[in-house]
Every structure is written in structure tokens, then in C-alpha cells.
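Trainee: Sequence:
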Amino acid sequence: MPEFIVRPALSPDFAVLLKFKHFVDTDRVWQMDHTLEEGRISVNFREVRLPRSIHLAYPRSPDTLIERWKNLLIVLVSCVDGVPIGYIGVSSNHATSNVWIKDLVVHERWRRRGIATSLIHAVSDWGLERDLRRMTIEISSKNYPAIRLVQKIGFEFCGYNDYYYANNDIAIFFARYLP
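In the numbering used here, the protein residues as written are 25 to 203.
A couple of the hints might just be wrong.
Claimed, not checked - Below, in silico cross-link-like pairs of lysine-lysine (BS3-like), each with a Cα-Cα straight-line distance of 30 Å or less:
# : residue 1 : residue 2
1 : Lys-126   : Lys-94
2 : Lys-126   : Lys-43
3 : Lys-126   : Lys-176
Claimed, not checked - Restraint-style ranges between C-beta atoms, simulated for each label pair:
#  : residue 1 : residue 2 : range
4  : Ala-39    : Asn-191   : 17 to 27 Å
5  : Ile-90    : Phe-47    : 32 to 42 Å
6  : Arg-136   : Ile-78    : 15 to 25 Å
7  : Val-107   : Arg-136   : 15 to 25 Å
8  : Leu-97    : Arg-64    : 13 to 23 Å
9  : Thr-59    : Ile-29    : 42 to 52 Å
10 : Thr-59    : Val-107   : 16 to 26 Å
11 : Ile-177   : Ile-29    : 14 to 24 Å
12 : Arg-64    : Arg-133   : 44 to 54 Å
13 : Pro-203   : Leu-60    : 31 to 41 Å
14 : Asp-87    : Asp-186   : 20 to 30 Å
15 : Ile-65    : Lys-43    : 41 to 51 Å
Just so you know, these hints were derived from the structure itself, not from any lab.
Only a predicted model underlies this, so the values are computations on that prediction, with no experimental measurement involved.
Ideal Cβ positions, reconstructed from N, Cα and C, are used throughout, including at glycine.
The task is simple: from the sequences and hints, build the whole structure.
Mentor: Set out below in C-alpha cells:
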């Protein structure tokens with residue numbers, strides 16, 4: 025496998041990132057069960073296997089990505105031979121000492137090769153350099169591959185927000201302390 029490097033995104037990179045197919049195929053999702061009883065609210069998420077694989081579009085409109093990236097604190101890219109093959113967009117909250125991963129996308133040809141993990145590790149290093157202590161990532165409840173990835177590298181479920189995305193998907197949040 026070619027060697028890749030992670031670096032801050034440069035202006036010319038954004039045209040390349042816009043061409044990525046922001047989708048994922050999955051045969052599983054996290055389904056939310058919500059019950060209300062007298063004096064009690066219960067919310068549970070359970071893994072559900074779908075009858076067939078679905079093509080899951082990115083929960084954010086591609087038309088808004090450039091503006092979104094401008095509002096993030098930093099966008100890091102993973103590159104092979106100078107060409108971006110993945111990116112991660114980050115904001116932070118110093119009051120809560122939290123790094124917040126808002127976007128994580130890997131070009132479809134480069135998936136399942138450790139690119140996303142290396143981007144998350146780079147954000148972890150970036151956060152530590154700024155005395156941040158915790159990292160949170162938001163993921164659509166339908167993006168099972170991303171859910172499994174973050175669980176595998178030590179993130180734990182820490183909350184959700186119904187109708188979070190413009191497409192009304194549920195965002196689920198996972199977090200971990202920085203090493």
C-alpha cells in the first residue's frame with residue numbers, strides 16, 4: 025500500500041474533496057426505540073440487520089460543504105502522492121476541553137485501509153497540543169461502518185439528537201478521552 029501523510033487542508037484540496045462520493049453502503053443500522061411512561065422516558069438503540077444493503081447518502085448537502093469547511097477550526101487531509109484521499113473536519117470547545125469531529129470521509133477506493141483511523145489519531149494529537157482532553161464524533165445512526173470503526177478504537181456511546189441532520193436523520197455521539 026502506498027504511504028500516506030496527514031496534513032492541514034490547503035485551498036486547492038477542497039476542489040478534490042468536493043469530488044468525493046460522500047456515501048457508504050451498509051446492511052445494518054442502529055434503530056432507536058423510544059417509550060414514554062408515567063415518570064419515565066426510555067431510549068434504546070439496537071443494531072438491526074437490513075434485508076438488503078442500502079446506499080447511504082451523506083447526511084449533509086454537498087452544496088453546503090465549502091461553507092461548512094470554512095466554519096470549522098481545521099480540516100485535515102490524508103494524502104497519497106500529494107492527492108487527498110480522505111478528510112476530517114474539526115471544531116473545539118475549550119470550555120469543555122472537547123475536540124468535536126464534524127466530518128470524516130474517505131474516498132471510496134481507499135476505504136478499509138486505516139485512513140479514517142489515522143485521521144482520528146491526527147486529530148487526537150492536534151487536540152492534545154491544545155490541552156484538550158476529550159474527543160467527540162457525530163455519526164448518522166444509519167452509518168454502521170463508522171459506528172463500528174469508532175467503537176473499535178475506543179469511543180463509547182454518549183448521546184443522540186433526533187432530527188439532527190437536514191435530512192432528519194438521528195445523530196449519535198461517541199466520545200473518548202484523549203490519551
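Trainee: Taking the hints in turn, state whether each one holds.
Mentor: Going through the hints against the structure:
A threshold of 30 Å between alpha carbons decides the hint, and for Lys-126 with Lys-94 the separation of about 13 Å falls inside it, so the pair holds. Simply put, Lys-126 and Lys-43 have alpha-carbon atoms about 19 Å apart, close enough for the 30 Å limit, and the pair holds. For the hint linking Lys-126 to Lys-176, the alpha-carbon distance of about 19 Å falls within 30 Å, and the restraint holds. Taking the beta carbon of each, Ala-39 and Asn-191 are about 25 Å apart, inside 17 to 27 Å as hinted.
A beta carbon spacing of about 19 Å between Ile-90 and Phe-47 contradicts the range 32 to 42 Å that was offered as a hint. Between Arg-136 and Ile-78 the beta carbons are some 18 Å apart, a value that agrees with the proposed interval 15 to 25 Å. The beta-carbon spacing between Val-107 and Arg-136, approximately 19 Å, falls within the hinted interval of 15 to 25 Å. For the pair Leu-97 and Arg-64, the supplied restraint of 13 to 23 Å is violated, since their beta-carbon distance comes to about 39 Å.
One distance hint, 42 to 52 Å for the beta-carbon pair Thr-59 and Ile-29, holds here, with the actual separation near 49 Å. A hinted range of 16 to 26 Å for the beta carbons of Thr-59 and Val-107 is inconsistent with their spacing of about 49 Å. The supplied range of 14 to 24 Å is met by Ile-177 and Ile-29, whose beta-carbon atoms lie about 20 Å from each other. Evaluation of the 44 to 54 Å hint for Arg-64 and Arg-133 yields a pass: the beta carbon distance comes to about 48 Å.
At about 40 Å, the beta-carbon gap between Pro-203 and Leu-60 stays in the expected band of 31 to 41 Å. Taken as a hint, the range 20 to 30 Å holds for the pair Asp-87 and Asp-186, whose Cβ atoms sit roughly 24 Å apart. Our hint of 41 to 51 Å for Ile-65 and Lys-43 holds, since their Cβ atoms are close to 43 Å apart.
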